[in-house]
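Can you make the complete structure from the sequences, with help from the hints?
Top line first, the protein sequences correspond to chains L and D.
Just so you know, we're using this note's numbering here: the first sequence kicks off at 6 and counts up by one.
Just so you know, we're using this note's numbering here: the second sequence kicks off at 6 and counts up by one.
Derived by calculation from the structure, the hints in this document are not laboratory data.
It is possible that part of the hints are untrue.
In this list, chains with the same sequence are indistinguishable; a pair is considered to hold if it fits within one copy or across any two.
Each computed DSS-like pair below joins lysine-lysine, with the alpha-carbon atoms no more than 30 Å apart [claimed, not checked]: (1) 290 - 196; (2) 104 - 137; (3) 196 - 104.
Chain by chain, the residues:
Protein chains: 2
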Amino acid sequence: MPNSSLSSWNDGAAKSAILDFVARVTREGGPDFVRPEERVATFDNDGTLWCEQPLQVQFFFGRDLLEAMAERDPSLKERQPFKAYLERDMATINDLGKKGLFEVGAAVHAGMTEDEFDAYAHNWLATAKHPKLGRLFTELTYQPQVELLEFLRANGFKTFIVSGGGIDLIRCFAEGRYGIARDQVVGSSVKTRFEMRNGRGELVKLAELDSFDDREIKPHNIGLHIGRRPILAFGNSDGDLAMLRYCKTGQGPRLALLVHHDDAEREFAYDREFRLSPLAEALDKADEYGITVVGMKRDWRAVFEAG
Amino acid sequence: MPNSSLSSWNDGAAKSAILDFVARVTREGGPDFVRPEERVATFDNDGTLWCEQPLQVQFFFGRDLLEAMAERDPSLKERQPFKAYLERDMATINDLGKKGLFEVGAAVHAGMTEDEFDAYAHNWLATAKHPKLGRLFTELTYQPQVELLEFLRANGFKTFIVSGGGIDLIRCFAEGRYGIARDQVVGSSVKTRFEMRNGRGELVKLAELDSFDDREIKPHNIGLHIGRRPILAFGNSDGDLAMLRYCKTGQGPRLALLVHHDDAEREFAYDREFRLSPLAEALDKADEYGITVVGMKRDWRAVFEAG
Numbered sequence: 006m007p008n009s010s011l012s013s014w015n016d017g018a019a020k021s022a023i024l025d026f027v028a029r030v031t032r033e034g035g036p037d038f039v040r041p042e043e044r045v046a047t048f049d050n051d052g053t054l055w056c057e058q059p060l061q062v063q064f065f066f067g068r069d070l071l072e073a074m075a076e077r078d079p080s081l082k083e084r085q086p087f088k089a090y091l092e093r094d095m096a097t098i099n100d101l102g103k104k105g106l107f108e109v110g111a112a113v114h115a116g117m118t119e120d121e122f123d124a125y126a127h128n129w130l131a132t133a134k135h136p137k138l139g140r141l142f143t144e145l146t147y148q149p150q151v152e153l154l155e156f157l158r159a160n161g162f163k164t165f166i167v168s169g170g171g172i173d174l175i176r177c178f179a180e181g182r183y184g185i186a187r188d189q190v191v192g193s194s195v196k197t198r199f200e201m202r203n204g205r206g207e208l209v210k211l212a213e214l215d216s217f218d219d220r221e222i223k224p225h226n227i228g229l230h231i232g233r234r235p236i237l238a239f240g241n242s243d244g245d246l247a248m249l250r251y252c253k254t255g256q257g258p259r260l261a262l263l264v265h266h267d268d269a270e271r272e273f274a275y276d277r278e279f280r281l282s283p284l285a286e287a288l289d290k291a292d293e294y295g296i297t298v299v300g301m302k303r304d305w306r307a308v309f310e311a312g
Numbered sequence: 006m007p008n009s010s011l012s013s014w015n016d017g018a019a020k021s022a023i024l025d026f027v028a029r030v031t032r033e034g035g036p037d038f039v040r041p042e043e044r045v046a047t048f049d050n051d052g053t054l055w056c057e058q059p060l061q062v063q064f065f066f067g068r069d070l071l072e073a074m075a076e077r078d079p080s081l082k083e084r085q086p087f088k089a090y091l092e093r094d095m096a097t098i099n100d101l102g103k104k105g106l107f108e109v110g111a112a113v114h115a116g117m118t119e120d121e122f123d124a125y126a127h128n129w130l131a132t133a134k135h136p137k138l139g140r141l142f143t144e145l146t147y148q149p150q151v152e153l154l155e156f157l158r159a160n161g162f163k164t165f166i167v168s169g170g171g172i173d174l175i176r177c178f179a180e181g182r183y184g185i186a187r188d189q190v191v192g193s194s195v196k197t198r199f200e201m202r203n204g205r206g207e208l209v210k211l212a213e214l215d216s217f218d219d220r221e222i223k224p225h226n227i228g229l230h231i232g233r234r235p236i237l238a239f240g241n242s243d244g245d246l247a248m249l250r251y252c253k254t255g256q257g258p259r260l261a262l263l264v265h266h267d268d269a270e271r272e273f274a275y276d277r278e279f280r281l282s283p284l285a286e287a288l289d290k291a292d293e294y295g296i297t298v299v300g301m302k303r304d305w306r307a308v309f310e311a312g
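See below:
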């Protein structure tokens with residue numbers, strides 16, 4: 006057994022599955038040994054590495070800029086889909102879906118250069134707080150997962166985020182909060198245009214979606230960005246199921262994991278009724294597909310870092 | 006000065022520029038110090054890291070499979086653009102352009118799963134030889150550049166390939182030949198479809214282009230895959246100019262370099278007349294843009310690894 010620093014994980018089937026898997030793939034000369042360069046681990050972000058309730062952080066991020074824009078152009082308050090965003094009209098937001106929400110964000114940030122976006126996002130993340138929990142969003146990363154990422158890297162894994170959220174926003178905190186470098190973040194993205202502005206080459210964000218990194222697109226983007234089938238994958242919704250199956254059906258030892266949010270006391274309890282990102286098929290078929298379910302209530306000793 | 010193992014580089018302005026730059030960005034407390042996570046170096050592949058004459062290796066790779074297909078379906082021999090490919094009809098090939106050539110390759114490899122492609126490409130690379138130089142293509146990587154990549158990594162840089170060539174083919178030899186991991190390769194790509202085949206999740210290559218990674222698309226793909234502006238970039242054609250300017254016009258110390266193939270004796274001498282990938286504007290404006298020109302004849306003591 007490798008040394009484990011998974012102190013925020015309770016003993017149980019999930020923790021044992023992780024420790025056993027890492028021990029097997031790192032045992033040189035053993036039947037399940039995996040060369041370090043093939044130790045690829047992919048993690049979803051929203052709901053897997055940080056809190057996604059009552060809505061994905063991406064939504065609050067887009068809405069705050071939209072509100073500033075609506076001050077200057079009040080007609081936005083009357084136009085859909087902006088109206089629903091501004092009023093947090095959940096029926097319309099649910100109809101828009103995760104992709105529709107991302108498209109509103111893309112429209113809101115269009116015209117910014119990557120450097121402007123980066124500065125804006127850093128400032129926003131430094132002060133933006135969760136509406137119910139009252140803490141900074143960046144403090145709502147899951148402590149057991151941060152420990153797991155560190156544990157995997159200490160055992161020669163390369164850790165990646167593969168998220169439906171916007172790639173650029175995640176990159177602004179992934180290095181600091183998860184120890185995951187910017188180039189190891191995969192997510193939804195918009196097209197950009199390269200142009201010279203005042204003698205400086207700039208990437209300008211366009212309103213057009215380039216890739217919406219959800220469901221079957223996650224394996225495609227893993228192929229594009231990483232070029233290797235992960236041997237460990239961790240998700241929390243049906244949007245991650247294709248990634249989990251892509252991982253799990255590869256040859257050799259594989260571990261696919263799913264967070265089940267069943268802890269209304271310490272975080273939130275939800276699965277199939279969260280319309281923007283339901284967990285239903287993945288939960289129903291976890292046994293059949295060989296996916297290890299991690300119950301937040303049972304398996305995590307702590308949820309967030311001590312405040 | 007950091008220790009240099011650039012033994013295949015002749016002393017001169019180019020080598021000095023490299024040594025000086027690396028010394029400056031790694032000197033802690035110095036005015037030009039760059040944190041290791043920001044030491045991103047991007048390299049074009051064809052003509053910058055390995056030989057691209059008389060045609061890019063990608064062409065020979067696609068043609069060999071196309072020939073096998075034409076054995077089974079002789080009608081391909083009469084249909085353009087396949088006919089030009091099979092007959093190496095340079096006039097038509099030049100009209101197709103680099104993007105057209107890549108599209109033929111995409112059509113040829115469509116339907117393969119990523120695993121099938123990987124196995125096929127590894128086998129091909131193990132035996133395929135350059136038509137004039139008589140050596141394996143994989144032996145035609147430039148020794149000075151392999152040393153430079155190692156030197157940069159030894160000084161805390163993260164090295165990336167950003168190529169117009171197919172991302173999957175490059176990934177099959179970049180780790181072994183350049184020490185560049187699969188996820189640090191950016192290139193042209195096709196769309197894929199994720200599907201379950203006999204209980205196994207597979208990425209199937211489609212004939213449709215996803216990204217043709219040339220000219221202004223290179224900075225876009227750097228933004229997408231790396232998420233950081235490179236502080237060092239190295240190319241050899243006008244297809245790399247946007248990447249070189251993107252690098253060079255960033256704030257802080259930057260080094261942009263250009264290989265000029267002026268060595269007919271040891272390799273090939275060409276620039277503006279190579280229609281598939283000309284070097285003209287980048288050479289004419291190198292001074293104005295602050296790009297360091299590396300003359301193969303003058304600056305490289307050796308070109309290829311000793312055979």
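Structure-based check of all given hints:
no.: 1; hint: 290 - 196; result: between (36 Å within a copy, 28 Å between copies)
no.: 2; hint: 104 - 137; result: within (24 Å within a copy, 52 Å between copies)
no.: 3; hint: 196 - 104; result: both (15 Å within a copy, 19 Å between copies)
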